[in-house]
Every structure is written in structure tokens, then in C-alpha cells.
Amino acid sequence: MTENEQAEQIRQVLQRAMVRICPDWLQSSRDDLVQNAMLKILEMHKLTEGNPPVQSSYLYKTAHSVMIDEIRRVRRRDESALDDSQAVEDANQAGPYRTTLGHKISVALRECLGRMVELRRMGVILHLQGHTVPDIARLLGWKTKQADNNVYRGMANLRNCMQEKGFEST
Amino acid sequence: MKKHQQDHDLFEAWREPDEPTTSEEPRPSDAEIFDAVMLNTSLERRREIILHLARCSDSAESWRLAMELKPPAEVVDLSSRHARKAWRNLPAWGLAAAAVLVMVIGVFWIMPTPDPGFPEIGDGNTFRGDSEHAIELITADGLRLPAEDFELRWNSIDQIEEYRVLITTTDLEAVFSAATQTTSLRVPSAALSSIESTEPLYWYVTALRRDGSILRSSTQTVFVGDQ
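So the protein lines, in turn, are chains A and B.
So the number in this note's numbering is just where the residue sits in the first sequence, counting from 1, plus 928.
So the number in this note's numbering is just where the residue sits in the second sequence, counting from 1, plus 142.
Relax, there's no trap hidden among the hints.
Sample of chain A residues at the chain B side, in silico, Cβ under 8 Å:
1) ALA945
2) ARG948
3) HIS1031
4) ARG1038
5) GLN1057
6) LEU1086
If you're looking for bench data, these hints aren't it; they were derived computationally from the structure.
C-beta atoms are modelled at their ideal positions from N, C-alpha and C, and glycine is treated no differently.
Using the sequences and the accompanying hints, generate a full structural model.
See below:
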């Protein structure tokens, strides 16, 4: 495979990876991010005829790294631009109460997780991250039934703890 | 209902960014988080990283991003294929004995449990008590669909923002992906033109709910071509 063909294959894999992970608000930068990832890979790997192709898993890992860096960079930029009048106006419209309440719930949630038995805590963390029970079992080296029990009981503990802290859904 | 509202709030709160950590705890790199999601770290290290996610929303976000790149889990699980081959080599009496054993176990399995308030596992993807939110794929596993009428279907989930469907080859190269608010997806025949009729495709559905929670179906196989 020629150098150009290898580069084109890498680009295609990166494009597919970026389509899967790019949030809506970064869509306009997606092509640039593919290019950044491409450059990062070319810095590390010399594409020459006869060399083994770069592994897809490595390309996906690079796409992940480039995307999370960009998400953080844009967030930091937005935070530092809070002096901007439009940003202040937006923040006022969102309402300080909502922001404060959301933050308080988040702090309480993390405190409750900190109190939980470690096995249940791990199950609940992965459940909150969006993993299914078989996924949780696989990630933690558990049987499916064990994962199911720990998530079920952990979530019950978490709800009770949040109620004790005064956070009750209406 | 109240429980689900509470879970909705918990999912939202979980995604709130936390204060920048001031602890001395070393933060795992994004590369390490990616490896953990892909099961490429030791179990011990993976557990440490998972516990760290509760203390660092940045790492939790990095983990969620890596989840989006995770191949369907069933693809790498070859044990079921080996199991099927093993069955073929069993003599007839062995199969008969196994069938009797399965029936006996089945009878005990379906007997009512003494604790009726302790619901059973739903579809295996959700934990007990959360089964009403499971996504079930209605299109039968292993079905062959003509390229001109390639429609995938699944059940409806309440409070849905959108469903995302991903179809990949066995090498995990994406063939087609789309977002929809309906419970079916018709794949354009052009997207399937390079797929051989003997080549299985994997597909699954992710449901994004209005409360921010994400549900995922199991992964199933589908073939392109006439019956």
C-alpha cells in the first residue's frame, strides 16, 4: 500500500471515529479535529510502503484524546470569556438558583457515593455513566447477577441518602 | 414514578461539573481511561479508575466519550461460538441428558420466589426495577433483509430525545449510523451495496432520554440479501 493510500485509510477511520464522538456544538470544528488527529499520528508513525498499517484501536484512542482536549479547551475559553456582556446576560437568564441547586445536588450525590460500600459504589458509578448491567459485569470482573445486585442496592442506598440530605423529587 | 423522577435528577446531577480537585490524588490520563473502557488495563487498575470517576467529573466525561467508541461487546466474545461447536460434537444421549437437565432447572427457575417484592432482572441489560426502560430489538437476531427494504425495528422508550442506531461490520467498521425519533430505521440500499450476503452485520440502538440518561440495547446480527 502506498503512503497516500495509508494516509487516506487513516483519515477515513478518524472521520468515522469523530462522527461518533463529536458533540453537536463542536460539529463545525470536526474536520479540523480529524486533521489534528491525523497530524498527531503522522508525528508518531512514519508511513512507508511495506510498513504494517496503524492499528484502528490506536486511531480511535488518538481521536478520543484530540476530542476531549478540544472539549476542555473550548470550555476553558468560554469560562474565561465570562466577562463578556453576552455571557453574563446568558448566565443571568439561566438563573443563579438553578445553577446553585444543580451544584448542591451534585455535591450531595458525590458525598453519598463516598459513603457507599465500595462494590456498590463502583456499580452505581458505571450505571450513572450509562453502562448496561452486562457491561458493568465485564468491566468489574463480576457475574451478571452480582452486577445487578450491586447496582440495584447501590441505587436504593443513593436514593435514601439523597432523601436524608433533603433532596426529594416532587 | 417518583423513583424514576429521582433517578432522572441523579443522572443530571452526575453530569454536573464538579469543583477542580485539590486533592493529591493522581488523575488517570485520558489514554489510560480509554484503555480501561476498552478492557485493556488490569482489573485492579480499572477499579481504581472507576472509583476515581466519582471524584472527578472531567475523568467521568473522558470515560463517557471513550464509551462512544467502544465496539459492541458481543463482537469480541467468541465463547458462544465455541459453545455451539462443542454441542455439535456431543453424542445423542448427551444431548438428551442435557435437555432433561435444562427442563428440571427451568421448572425450579420459573417457580415463584418467596419475596414477591424483589423484581427479577429485566432483559439483562438493565438492573432490577429498571426493566420498563429496556430497549428490545424487534427485528429478529440473524434475520436476512433485502437491501431495498432494509428496515430495523425496536421497542418504544418513554421520555425519548432520540434513538441512535449504529450498524458495523464484524471488523467494527461503521456501515451506517443515524439518529431518529421513531422506533424503526430504513437503511438506504446504497449504504449496503458493498456488503456481501454472507457477511454478518452487527447493530444496536442507543436511546438518549430527556433526563440525560442513556440506554443501550444488546447487539444483534443481521444479514443483507433476499431470504
